[in-house]
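Going down the list, the sequences are from chains A and B. The first sequence stops at residue 311 when you use my numbering, and every number in between is there. The second sequence stops at residue 312 when you use my numbering, and every number in between is there.
Treat the hints as calculated values from the structure; they're not laboratory data. Any given hint could be a false lead.
[As the list claims (entries may be wrong)] Derived DEER-like restraints, expressed as beta-carbon distance ranges:
no., chain 1, residue 1, chain 2, residue 2, range
1, B, 34, A, 261, 33 to 43 Å
2, A, 206, B, 75, 52 to 62 Å
3, A, 133, B, 99, 31 to 41 Å
4, B, 218, A, 40, 52 to 62 Å
5, B, 67, A, 229, 55 to 65 Å
6, B, 70, A, 296, 55 to 65 Å
7, B, 154, A, 69, 18 to 28 Å
8, A, 122, B, 214, 47 to 57 Å
9, A, 206, B, 259, 46 to 56 Å
10, A, 216, B, 142, 48 to 58 Å
11, A, 5, B, 211, 27 to 37 Å
[Claimed, not checked] Okay, the calculated bits of chain B under chain A, using three or more residues with CB under 8 Å as the criterion:
no., stretch
12, 103 to 113
13, 241 to 253
14, 258 to 272
Every residue, glycine too, gets a C-beta built ideally from N, C-alpha and C.
The lines below spell out each chain.
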Amino acid sequence: MWAYFTRRLFIAIPTLWVVITVAFFLMRLAPGGPFDQEAPLPPEIMANLKAAYGLDQPLWWQYVNYLGNLLQGDFGPSFKYKDFSVTELIGQGFPVSIQNGAAALFLAVLVGIPLGAMAALKQNSGADHAAMTVAMTGIVIPNFVVGPLLALIFGIWLRETMFALPVAGWNNGALPNRILPVICLALPFIAYIARITRASLIETLRTNYVRTARAKGLPFRMVVLRHAFKSAMIPVVTYLGPATVFLLTGSMVIETIFGLPGIGRYFVQGALNRDYTLVMGVTILAASLVILLNLFVDLAYAWLDPKVRYE
Amino acid sequence: MSDAHMSEGRSGANLSVPNADALDKAADVEGRSLWQDAFRRLQTNRAAMVSAIVLIVMAFVCFVGPVLVPWSYEEIDWDILEAAPPNFDTGHYLGTDSLGRDLLARILQGGQVSFLVGILATSVALVVGVTVGATAGFMGGRVDQILMRFVDVMYAVPLMFFIIILMVVFGRNFYLMFLAIGFVEWLTMSRIVRGQTLTLKNKEFIEAARASGGSTAGIIARHIIPNVLGVVIVYVTLTIPQVILLESFLSFLGLGVQPPMTSWGALIAEGAQEMEITPRTLILPAVCLSTTLFCFNFLGDGLRDALDPKDR
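Required output: the full structure, derived from the provided sequences and hints.
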């Protein structure tokens, strides 16, 4: 199994290299540059600025330089946030994003799995239909609709009551400021996880080994918890891999709506400002996260499903 | 018919006279194809049928409706210049947006963009995904290895980031957008088609086609692809809402279609900024978007139940 994981890690390196290369040259294809303003700078100043950031070099040389710096852990300076390096910006933004993301994922698992399991155990009952309708609603009403609506309800309509919640800003991570963004980020995950749990548990409950366990006279609760549940979780775990990608893109929307200083917002702003290094830094971070989490999902797989063997 | 003739021949001549009658009757019984069966099953699924009808009506209204609306989506009513409530005298049946443009006309135009992107981007995903998947599955060996490794690598890439970079780099180009979205969505399609192809590959009729001298490309096009269509159709119906959602997401971030053109996502973004004054400008496009996504998902689920007899 270790051989498998070292191989996977070795595949990760060329993958990351492709990501870096494509992102680097795509950004540079863009018309305009980081120092364009409404009132154009005098050519001499522009030339000096470009020289200071190494943008006057030939493109391939900039690319080689960038890769070289990257190998030493240096993401370069931000072009737009003067006096900040990309590492510093990511260091500030990443904790915000990762805390929100982890909280949302935790909430989604905590609510989604029981909801789906309940629907599966009471299949075709009123509770089942109700749960699945709620889940479908969570999927089809996107984050960027739920966010403003929650802000409207809790920030404006309920502002005089005890339920009022702050709808913007981070406030150094004060709990009330986190509630709405995390709920908003978690809703689609709750919906997906509930649907996947339901489908997979229903299928597992029909298998022969579950029937055998019941025939032995085990109480139904034991059958579900001991025999069915673990293997029913396999598709849910599989979903958690792609879910991280959704989490990353979801945080772009959430951070824009709620004005949170996370990396999702840096990315969108950076791309619009042609802040080459910042965009590259966030992209590399995102790609590494996705690769790493997919690896963890594979690990969890082997633990849940004894049939899975990695060679 | 040919089966009946063969069994007649084998069983001997003494049965031939009564059988001729039976054969005539058998010819009257109409054969039902797999597709007709599936369609019948679909018809009994009320949620899916209602969804299909709602979708057809919505698409029709979005594309034909603008003819009947007195205002165009980009026209500013200089007498209003603000978000006004619905008024039948001025012809703003759903009111205006904050610039005094007719909200109904803009919602219809946004719907056109959403439906078009949904269908065009899914077509891109369909063509690329089915071709790659069927080729990889059927050819096997090194071709399969290379194509599927490539898909694996693409899966590990946060593609949304690349779409955003693309949209920023090349400006908000409508055609580029559906191409970019399509190139993201083909990955899953190719995996599904490959899996199906692998199970089909060793069936007798493929062997027969090969024995009678069919070329690889011909076999893929004539025999493999028609047989994976059922699964593909289900996946297509579930991809369209994802694509529509992706487009609205881009438009919400200000990276979608170019103003004064609009889409439901862009309208939601505009509406969100004025929601405390005129919640209408947020809620109306949001309802349209959600209804469409809802219907596509129900239709997809219904098609899956209809085309996948295993789950009956």
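Now for the hints, and whether the structure bears them out:
1. At about 56 Å, the beta-carbon gap between residue 34/B and residue 261/A misses the expected band of 33 to 43 Å.
2. In this structure, residue 206/A and residue 75/B meet the distance hint of 52 to 62 Å, their C-beta atoms being roughly 59 Å apart.
3. At roughly 37 Å, the beta-carbon separation of residue 133/A and residue 99/B lies within the given 31 to 41 Å, and the hint holds.
4. Checked against the given bound of 52 to 62 Å, the beta carbons of residue 218/B and residue 40/A, roughly 60 Å apart, stay inside it.
5. The hint said 55 to 65 Å for the Cβ distance between residue 67/B and residue 229/A, and at roughly 57 Å that hint holds.
6. A hinted range of 55 to 65 Å holds for the C-beta pair residue 70/B and residue 296/A, which are about 58 Å apart.
7. Between residue 154/B and residue 69/A the beta carbons are some 27 Å apart, a value that agrees with the proposed interval 18 to 28 Å.
8. In this structure the hint that residue 122/A and residue 214/B lie 47 to 57 Å apart at CB holds, the actual value being about 52 Å.
9. For residue 206/A and residue 259/B, the Cβ-Cβ distance of about 53 Å falls inside the hinted range of 46 to 56 Å, so the restraint holds.
10. Taking 48 to 58 Å as the suggested C-beta distance range, the pair residue 216/A and residue 142/B conforms, at roughly 49 Å.
11. Look at residue 5/A against residue 211/B: about 45 Å separates their beta carbons, and that is not inside 27 to 37 Å.
12. Only when three residues or more bring their CB closer than 8 Å to a CB of chain A does the claim for the stretch 103 to 113 of chain B stand; here the count is 0, and the claim is violated.
13. Given as covered by chain A, the stretch 241 to 253 of chain B passes the check, having 6 residues with a CB less than 8 Å from a CB of that chain where 3 are the minimum.
14. Against chain A, the stretch 258 to 272 of chain B contributes 5 residues with a C-beta closer than 8 Å to a partner C-beta. That satisfies the three-residue criterion, and the hint holds.
Violated hints for the displayed structure, listed by number in ascending order: 1, 11 and 12.
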